[in-house]
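With the hints as constraints, model all of the structure from the sequences given.
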Amino acid sequence: MDEVLLARMLFGSSMAFHIIFATLGVGITLMILVAEIVRAIKKDDHYGVMAKRWTKGFAVLLGVAIPSGTIVGVMLSLLWPGYMAIVGRVIALPFQVEIFAFFLEAVFMSIYVYAADRLSNTMRIISVALVALGATASAVLITDAHAWMNTPRGFDIINGEITNVDPWAAVFNPSVYVTVLHVVSSAYMAGAFVLASIAAFKLLKKDITPDERSYHRKGLTIALIIGAVMSLYTALNGHDTAKMLYEHLPVKLAAAEGLFETQDNAPLAIFGIPDPERGEVVGGLEIPGMLSWLASGSTDGVVQGLYDFPEEYWPPLFVHTLFNIMVGIGSLLLGLSFAALFWRFVFPRKPLPKWLLVILVTTGPLAMLGIETGWIFSCTGRQPWTIYGVQLTSEAATNSGNLGFLFALFVTLYVTLLVLTGLVLKFYFGRNPVRTELEKLQG
Amino acid sequence: MTEPYIAITIIWAFLFVYAIAGSIDFGAGFWAMYYTRKENTEASVIANRYLSPSWEVTNVFLVLLVVALVGFFPGAASYLGTLMILPFSFVLILLTIRGTFMVYAYSSKKYSRMLTIISGTTGLFIPALLVATLPIAIGGFVSIGGDRDYLLFNEIFTSPTLYTHIGFGLSTELFLAALLLSDYSREAQNEETYLVYRRNALLMGPITLLFAVAATFTLLPEAGWMVENMMNVWYLFALSLVAFIIGYGALFLPSRKENPGRPRLAVIFIVIQFGLASFGYGFSHMPYILYPDLTIQDAFTDPAMFRWLLVGYGVGLAILVPAFVVFWRLFMKDKRYLQAEK
Ligand code: HDD
Ligand code: HEM
Ligand code: HEM
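Residue numbers (the working numbering), protein chains in the order written: chain A, 1 to 443; chain B, 1 to 342.
Hints are computed from structural coordinates only; laboratory data are not their basis. If you're wondering where the values come from, they're calculated on a predicted model, not measured in any experiment. Each hint should be verified, as a subset may be incorrect.
[Said to hold, decoys possible] FRET-style restraints, in silico, Cβ to Cβ: (1) B/Leu239 <-> A/Ser13: 46 to 54 Å; (2) B/Ile10 <-> A/Glu161: 44 to 52 Å; (3) B/Arg329 <-> A/Leu441: 54 to 62 Å; (4) B/Arg329 <-> A/Lys440: 45 to 53 Å; (5) B/Phe217 <-> A/Phe405: 33 to 41 Å; (6) A/Arg435 <-> B/Ile117: 29 to 37 Å; (7) B/Trp234 <-> A/Asn121: 52 to 60 Å; (8) B/Ile117 <-> A/Phe427: 14 to 22 Å; (9) B/Arg329 <-> A/Gly422: 31 to 39 Å; (10) A/Asn159 <-> B/Trp328: 46 to 54 Å; (11) B/Trp328 <-> A/Asn121: 21 to 29 Å; (12) B/Arg307 <-> A/Ser214: 56 to 64 Å; (13) A/Phe271 <-> B/Arg307: 17 to 25 Å; (14) A/Asn121 <-> B/Asn229: 56 to 64 Å.
[Claimed, not checked] Residues of chain B placed beyond 10 Å of chain A at every Cβ, according to the derived structure: (15) Ile136; (16) Arg264; (17) Gly316.
Ideal Cβ positions, reconstructed from N, Cα and C, are used throughout, including at glycine.
Here it is as structure tokens:
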């Protein structure tokens, strides 16, 4: 098979694996911080138990996030030497500062976990806040490098040589703000919904004590609040992200929407399959004028279509589906979380109905699917460029061979670790049920 | 000193820190495994108490090294990345198994023995593999310039220098870890465990020295160009030997405790010894990163980037040093942690 394709598959699957743990690392630390703060305000020990159990789960996930991150970090140099040769000269700063974010997170994580009994309440909140800060900062910084690949700035290429390097222009490239905010808010959202899923699942069980029920209800409520706020923000900001594409990467937007003809009053196509022969999306739902309005703020806005670009520079057209899945999940979760919270606060005494709990169980997996499809959309939608307009993926890739073997090896590793991590978590929480911890509280 | 030399010195410093911290980390993982079912189970507990809070921090040093190389010497990162794709991929896989299984072992008591064995043994081979890439960097084992660049595995595997380097990597990690754990046990006022690790350190010390000498001598025929450079800095190697003798000797010095030996002094001098020897080695390697194709000048980054990276490291360290101090006090000094029951 083509070595460049193999390199893309190997790197893509490694990132898809890392992002599960990385996103939860960012999202769950925020939730732990929230639980610690609510505990300090309400003086309710349930939140202490919650923080502790979430931390335990997080520690296991972090144990996978760190090695898988080390894999992708080293793999960048192994698989994309051409890309790293430019990165090192132009956008090395965020990678470097990220190291300090990792240190911050790793040091205070150890302190929070292994020295909790020797810390005062305030010190504990400070250490967990620094863990959350470290995790979020690492997401912000790596996303900066990713945004730069979409809108590369801060250098000139003269006769194939990189000159006039301006590291700060690279760091503050035009798409960095929207992209960073989108990534961080969607990670917070995913962390919150995964915990909401677990709480909803537990509430569906028949044999739980009233104390447990109240514990899980509290967990579900704070998870839904954070989830609702973050999904509202993610959707609003996703809209700005699409505007960013409109301005800077029109071909990616055209592929995302399956738009072939350049036009004003461009329709928004939802699902369906883009057909380059017919020049339209087949089988989808079309809302006239909506795309022009979303992208430019008015139905008169002209949106460029794929036919404006040579076909060799088109991304694969299936990114349309990935994009639709992400946006669909975003809208669904937004509606669901507000509906559930509405019920919760309008009928504070009534438990959430069973059907709603069943639906809420799906929110965590859906949010993770949103993260995966969003990232794959963003990276694959940039094809055939690795650095948009500067370096083609085929120029970035290694020429060392052996990739088929490595792909098989790494994918086996990822599948094994996914299964084992699931089993370890199930095993641990099965043997240490929350009931015993709550009983301990009552003495 | 010119800019590339400043940069390579920083890389050396990171490499040195990771070589020490990583050796101790992987070695301690091995000792923790080795002693789980032995008569002296305290030795395993002490090793785990050191590892639990520290392995994540140690891992960041590895990432730091890679990132620093990409930033300071982008040419070298892409070049080494292409050539070393197989060995580095194996290191990554071992590293992942090791890290994840260690975390799994904490969380599932029932299988913890099996999981510890897996993480202890995989960890053992990581430094050996990493050290084995050193002979590649001196040239002779690579084919470059065809339609693809690759390692000449046949020649590597039939060359004795590979095996002496592997032996050196293995003995170093066991030696450094035993030495540090002896100091850590003394700090925890656990004299029985102190004796266990002191005995291991006494055994591994001379073996490490022998492998170091053997690795150097099997390397020399492959690297004629380095020999003269090494002769020029012979005093670094001589001082390194002196530091080794003092450090090793410190394990026999009388102490105020019931057993002989000053482990803290021994750790300090052995670290100095590694510093001197690795600096001498690295110095003799200059100006090549990969002989004869790649020098530090060729691989160097953009000067504007270089300056901002320096600023970045300065600011980052200023923020992190206090955090490390807190960390040290909580886990390496605090008696409540060191002597906890379980
Ligand atoms: C839970 C996850 C999630 C959800 C619900 C959404 N997004 Fe998203 N989106 C991401 C998670 C994500 C992401 C994984 O974080 C991406 C991938 C790369 C990036 O920058 O963020 C992303 C990228 C991304 C991009 C491409 C940016 C680029 O290629 O650089 C656009 C245009 C949008 N999003 C727009 C939206 C809109 C209009 C949404 C409406 C609700 C939406 N996203 C919901
Ligand atoms: C936007 C997507 C990403 C997010 C949100 C993210 C986040 C994280 C988080 C939270 C961790 C654990 C932090 C810790 O060590 O304490 C982590 C680890 C890591 N990530 Fe990612 N990451 C992302 C993508 C990447 C990419 C593309 C790379 C490669 C350059 C990368 C490299 C690493 C490395 C090297 C580590 C391990 C650091 C260590 O040893 O502690 N990450 N990441
Ligand atoms: C964390 C979530 C991410 C996922 C799931 C992801 C997924 C992918 C996929 C699927 C590809 C292959 C694209 C294709 O060939 O069709 C790819 C390529 C790539 N991605 Fe990402 N990516 C992520 C984040 C990042 C980040 C944060 C960076 C930047 C620092 C990055 C840098 C790259 C590079 C350099 C390539 C290879 C060159 C290329 O194909 O353009 N990725 N990624």
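Status of each hint after checking the structure:
At about 49 Å, the CB distance of B/Leu239 to A/Ser13 agrees with the hint of 46 to 54 Å. Between B/Ile10 and A/Glu161 the beta carbon distance is about 25 Å. The supplied range of 44 to 52 Å is therefore violated. Against the hinted window of 54 to 62 Å, the Cβ-Cβ separation of B/Arg329 and A/Leu441 comes to about 31 Å, which falls outside the hint. Between B/Arg329 and A/Lys440 the C-beta distance comes to about 30 Å, which lies outside the given range of 45 to 53 Å.
B/Phe217 and A/Phe405 have their C-beta atoms about 35 Å apart, which keeps the hinted 33 to 41 Å range intact. Take A/Arg435 and B/Ile117: their Cβ atoms lie about 33 Å apart, and the range 29 to 37 Å holds. A hinted range of 52 to 60 Å holds for the C-beta pair B/Trp234 and A/Asn121, which are about 59 Å apart. One distance hint, 14 to 22 Å for the beta-carbon pair B/Ile117 and A/Phe427, holds here, with the actual separation near 18 Å.
Distance hint for B/Arg329 and A/Gly422: a CB-CB separation of about 37 Å, consistent with the stated range 31 to 39 Å. Separation of A/Asn159 from B/Trp328 is about 51 Å and conforms to the stated range, judged on CB atoms against 46 to 54 Å. Roughly 23 Å separates the CB atoms of B/Trp328 and A/Asn121, a value that falls within the hinted 21 to 29 Å. Checked against the hint of 56 to 64 Å, the pair B/Arg307 and A/Ser214 passes, with Cβ atoms roughly 58 Å apart.
Range check, A/Phe271 to B/Arg307: Cβ separation about 51 Å, and the 17 to 25 Å hint is violated. Range check, A/Asn121 to B/Asn229: Cβ separation about 58 Å, and the 56 to 64 Å hint holds. Residue placement check: B/Ile136 keeps its beta carbon more than 10 Å from all beta carbons of chain A (closest about 14 Å). Distance check for B/Arg264 against chain A: the nearest CB is about 23 Å away, which clears 10 Å, and the non-interface claim stands.
Some Cβ of chain A comes within 10 Å of the Cβ of B/Gly316; the nearest lies about 4 Å off, and the non-interface call is violated.
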